[in-house]
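Peer 1: From just these sequences and the hints, can you work out the full model?
Residue numbering for the sequence shown follows the numbering used here, beginning at 969 and increasing consecutively.
Hints in this document: simulated from the structure, not taken from any laboratory. Misleading hints may appear alongside valid ones.
Calculated lysine-lysine pairs in the BS3-like style (CA-CA distance at most 27 Å, straight line) [said to hold, decoys possible]:
id, residue 1, residue 2
1, K1189, K995
2, K1096, K1129
3, K1055, K1096
4, K1009, K1055
5, K1052, K1017
6, K1129, K1037
7, K1097, K1042
8, K995, K1055
9, K1009, K995
10, K1030, K1042
11, K1189, K1097
12, K1009, K1052
13, K1030, K1009
14, K1037, K1097
15, K1017, K1205
16, K1205, K1096
17, K1189, K1052
18, K1097, K1129
19, K1042, K1055
20, K1037, K1189
21, K1052, K1205
22, K1096, K1042
23, K1042, K1009
24, K1009, K1037
25, K1037, K1017
26, K995, K1042
27, K995, K1037
28, K1030, K1012
29, K1037, K1096
30, K1017, K1096
31, K1017, K1055
32, K1205, K1030
33, K1012, K1055
34, K1097, K1055
35, K995, K1017
36, K995, K1205
37, K1017, K1042
Predicted model, so just to flag it, every value in this text is computed and none were measured.
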Amino acid sequence: MLLLCYDNNISLENLDNNTFPSIKGGKIPLEDVVDNAYYSKHRKRLREKNILFLDQIISGDKSHLLLWKEILIKAYVPISSQRKEAKWYTDIRNFITTDSIHLNRSISHLFGARVDNAEEARSYDIIKKNRSLIAFYNLQFNSVVIEKIQGIDETQRPVIKHFHIDMSQCTDTHTYIYQYMEYGCVANAALSTRSPCTFSADWEYLVPLLTESQFTSIQSKNLIEFNIFDIFDFAKKKYDIIQRALTQNHVISSQLQDNIILEFLDSSTSRNDLLTIQRTLAPFDNNNYYIFEFYTDGSLIELGTKQCSISCAFAQISDLFDIPHVKY
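Peer 2: What follows is the structure, given as structure tokens:
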């Protein structure tokens, strides 16, 4: 991993300070499946997108190349990325697919047994309150639910209009959705008598798929350019990450089962950012690191006002050399 970062002129300092989620690593470097001409041509652009591994651009079941719109919703891909397919993406299809979608047998065999390579998708921006088409994971049915945001209620929970998925009309490249107009939606126990089906959800779990304008332009066709199984992977990963942040006791109060961030802070973008920092800096499955620590000199800015704030930093201590790495 270190050599790969070095070869691509990526410093660990830049990753830590400016990129989240940082590159998690992968099994197959892209340079192992393309020729020198491709890698020399697209290396700079791939580095800008933080894409170094084949794992990052293929489906969770290792059967097909992710669609372009699916790559754009990954959390670490810059939001300003172009909407039409990039040249690096169209070119790599010639190397790794048989029909521009499914992976060559020689490529899929590189991975062997299935491993989880689904990555965190971009989060819904509750501040902008965009009326996006979104997806989220439903634990009760172990399924993905697709909705269109209608607005934000007084508790800062998005109010969403439910769209059903017709699996019989879904393809490898498109998902068929339609608005559910009948009564008695089984996925909406709280408001099952309403038509059309609408309900509210926690915004932290939402995966934005299309902006309101993008969805409006294609709504009449009932088709969105996403693979339904890839949407499921993204939504399930988002759910798992949030649940892990809610249940892991990295930072605890006097009640050992309570997360101090959740106990003392109301739902907000700032609280979500703190949970993000918490799960990034305190991975219990990494034996090389201790729990992260919080540092401050105690200075208060604008003391006695509603804008009062405090300067602080989070540090992760290396178990190998006991050298603090300030990451936030």
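Peer 1: Could you run down the list of hints and mark each one as holding or not?
Peer 2: Right, here's what the structure says about each hint:
Proposed proximity of K1189 and K995 is contradicted: the alpha carbons are some 38 Å apart, above 27 Å. At roughly 18 Å between alpha-carbon atoms, K1096 and K1129 fall within 27 Å of each other, so this suggested pair holds. Taking the CA atoms of K1055 and K1096, the gap is about 31 Å. The hint is violated against a cut of 27 Å. With a C-alpha separation of about 10 Å, the suggested pairing of K1009 with K1055 holds against the 27 Å cut-off.
As the CA atoms of K1052 and K1017 are separated by approximately 15 Å, the hinted pair is consistent with the 27 Å bound. Restraint check for K1129 and K1037: the C-alpha separation of about 22 Å stays at or below 27 Å, so the hint holds. Taking the CA atoms of K1097 and K1042, the gap is near 19 Å; set against the 27 Å cutoff, the hint holds. In summary, the hint linking K995 to K1055 is supported, as the alpha carbons are separated by about 24 Å, within the 27 Å threshold.
A C-alpha spacing of about 23 Å is found between K1009 and K995, which places the hinted pair at or below 27 Å, so the restraint holds. Proposed proximity of K1030 and K1042 is supported: the alpha carbons are some 17 Å apart, at most 27 Å. Of the pairs offered as hints, the one joining K1189 and K1097 holds, with about 25 Å between alpha carbons and a cut-off of 27 Å not exceeded. Between the alpha carbons of K1009 and K1052 the distance comes to roughly 19 Å, so the proposed pair stays at or under 27 Å and holds.
Distance hint between K1030 and K1009 is fulfilled; the C-alpha atoms sit about 26 Å from each other, no more than 27 Å. At roughly 21 Å between alpha-carbon atoms, K1037 and K1097 fall within 27 Å of each other, so this suggested pair holds. At most 27 Å may separate the alpha-carbon atoms for a hinted pair to count; K1017 and K1205 meet this at roughly 20 Å. Of the supplied pair hints, the one linking K1205 and K1096 holds, its CA atoms being roughly 23 Å apart against a limit of 27 Å.
At roughly 19 Å between alpha-carbon atoms, K1189 and K1052 fall within 27 Å of each other, so this suggested pair holds. With a C-alpha separation of about 15 Å, the suggested pairing of K1097 with K1129 holds against the 27 Å cut-off. Proposed proximity of K1042 and K1055 is supported: the alpha carbons are some 18 Å apart, at most 27 Å. Between K1037 and K1189 the alpha-carbon distance is near 17 Å, which keeps this suggested pair within the 27 Å criterion.
Note on K1052 and K1205: the hinted pairing holds, with a Cα-Cα distance of about 26 Å set against a maximum of 27 Å. Taken as a hint, the K1096 and K1042 pair is honoured in the structure, with Cα atoms around 19 Å apart against an allowance of 27 Å. Between K1042 and K1009, the direct Cα distance comes to roughly 23 Å. Compliance with the 27 Å bound is thereby established for this hinted pair. Between the alpha carbons of K1009 and K1037 the distance comes to roughly 22 Å, so the proposed pair stays at or under 27 Å and holds.
At roughly 14 Å between alpha-carbon atoms, K1037 and K1017 fall within 27 Å of each other, so this suggested pair holds. With a CA separation close to 18 Å, the supplied pair K995 and K1042 stays within the 27 Å bound. With a C-alpha separation of about 23 Å, the suggested pair K995 and K1037 falls inside the 27 Å cut-off, and the hint holds. The straight-line distance between the Cα atoms of K1030 and K1012 is roughly 25 Å, inside the 27 Å bound, and the hint therefore holds.
Between K1037 and K1096, the direct Cα distance comes to roughly 21 Å. Compliance with the 27 Å bound is thereby established for this hinted pair. A threshold of 27 Å between alpha carbons decides the hint, and for K1017 with K1096 the separation of about 24 Å falls inside it, so the pair holds. About 13 Å separates the Cα atoms of K1017 and K1055, which keeps this hinted pair within 27 Å; it holds. With a C-alpha separation of about 16 Å, the suggested pair K1205 and K1030 falls inside the 27 Å cut-off, and the hint holds.
Of the pairs offered as hints, the one joining K1012 and K1055 holds, with about 12 Å between alpha carbons and a cut-off of 27 Å not exceeded. The hinted pair formed by K1097 and K1055 fails the criterion: a straight-line CA distance of about 32 Å is larger than 27 Å. Using a Cα cut-off of 27 Å, the hinted pair K995 and K1017 holds, with the two alpha carbons roughly 18 Å apart. At most 27 Å may separate the alpha-carbon atoms for a hinted pair to count; K995 and K1205 meet this at roughly 19 Å.
Taken as a hint, the K1017 and K1042 pair is honoured in the structure, with Cα atoms around 10 Å apart against an allowance of 27 Å.
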